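Going by the working numbering, the sequence shown opens with residue 248, and the numbers climb by one from there.
It should be emphasised that the hints constitute simulated quantities derived from the structure, not laboratory data. Remember, predicted model here, so these are calculated numbers, not experimental data. Glycine is no exception: its CB is placed at the ideal position from the N, C-alpha and C atoms. One thing to keep in mind: the hints can contain errors.
[Unchecked claim] Straight-line C-alpha distance at most 30 angstroms; calculated DSS-like pairs for lysine-lysine:
#, residue 1, residue 2
1, K357, K393
2, K332, K393
3, K321, K357
4, K357, K395
5, K393, K356
[Unchecked claim] If you anchor each label on the Cβ, the simulated ranges turn out as follows:
#, residue 1, residue 2, range
6, Q372, D392, 27 to 37 angstroms
7, H373, K279, 18 to 28 angstroms
8, Q372, S271, 28 to 38 angstroms
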Amino acid sequence: MILVKGSLRQLRNSYIVQIGMRRSQVEHMLGKAIVPELQHEEMERKGVTDACGELYQGAFAWITYGGETEQVVKIEFTLCDFQRKFGAQLTVLLQIGNVLVPFRAGLTKKDVEQLLRNHPIHRLQHGTDWIEMVSSNAVCSFYFDKRKELCTIEITSR
248 MILVKGSLRQ LRNSYIVQIG MRRSQVEHML GKAIVPELQH EEMERKGVTD
298 ACGELYQGAF AWITYGGETE QVVKIEFTLC DFQRKFGAQL TVLLQIGNVL
348 VPFRAGLTKK DVEQLLRNHP IHRLQHGTDW IEMVSSNAVC SFYFDKRKEL
398 CTIEITSR
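Start from the sequences, fold in the hints, and give me the full structure.
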């Protein structure tokens with residue numbers, strides 16, 4: 248599963264981030280993280296209870312690395328936060344099969360279900376405020392706010 252940040256009209260300003268990419272590849276493309284990952288002890292000392300990797304400004308994505316080779320194991324796009332902070336839409340294009348499918352804040356749960364309906368997906372699960380799409384190498388979760396609008400996209404390696 249490949250992720251692209253940008254819009255359909257502005258692919259030249261887009262970035263491709265994949266599960267399994269090495270940290271050096273991500274940093275070559277996006278630069279250093281603007282919020283580096285905190286060590287567990289430092290998080291406790293600062294009172295941080297919810298940290299999910301490193302924030303990259305170019306893609307406005309939280310990226311978590313794992314393993315000895317520091318490969319990407321989780322990517323999280325906080326679409327609602329981006330919209331609140333910058334007053335603009337962040338569009339995330341997910342490659343599903345051979346098709347790029349656009350997702351942005353404000354899409355309803357039904358909109359997301361409709362976008363996913365006609366694509367080869369290994370397994371699709373639903374909850375009250377989430378949808379989980381399982382592929383052969385990753386799990387992509389869509390989280391919705393109280394109004395049932397898309398707020399966060401999280402991709403995790405399997």
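Hint by hint, here is what the structure shows:
no., hint, in the structure
1, K357 / K393, "holds (14 angstroms)"
2, K332 / K393, "holds (19 angstroms)"
3, K321 / K357, "holds (25 angstroms)"
4, K357 / K395, "holds (9 angstroms)"
5, K393 / K356, "holds (11 angstroms)"
6, Q372 / D392: 27 to 37 angstroms, "violated (19 angstroms)"
7, H373 / K279: 18 to 28 angstroms, "violated (38 angstroms)"
8, Q372 / S271: 28 to 38 angstroms, "holds (34 angstroms)"
Violation of the numbered hints given earlier is confined to hints 6 and 7; the remaining hints are satisfied by the structure.
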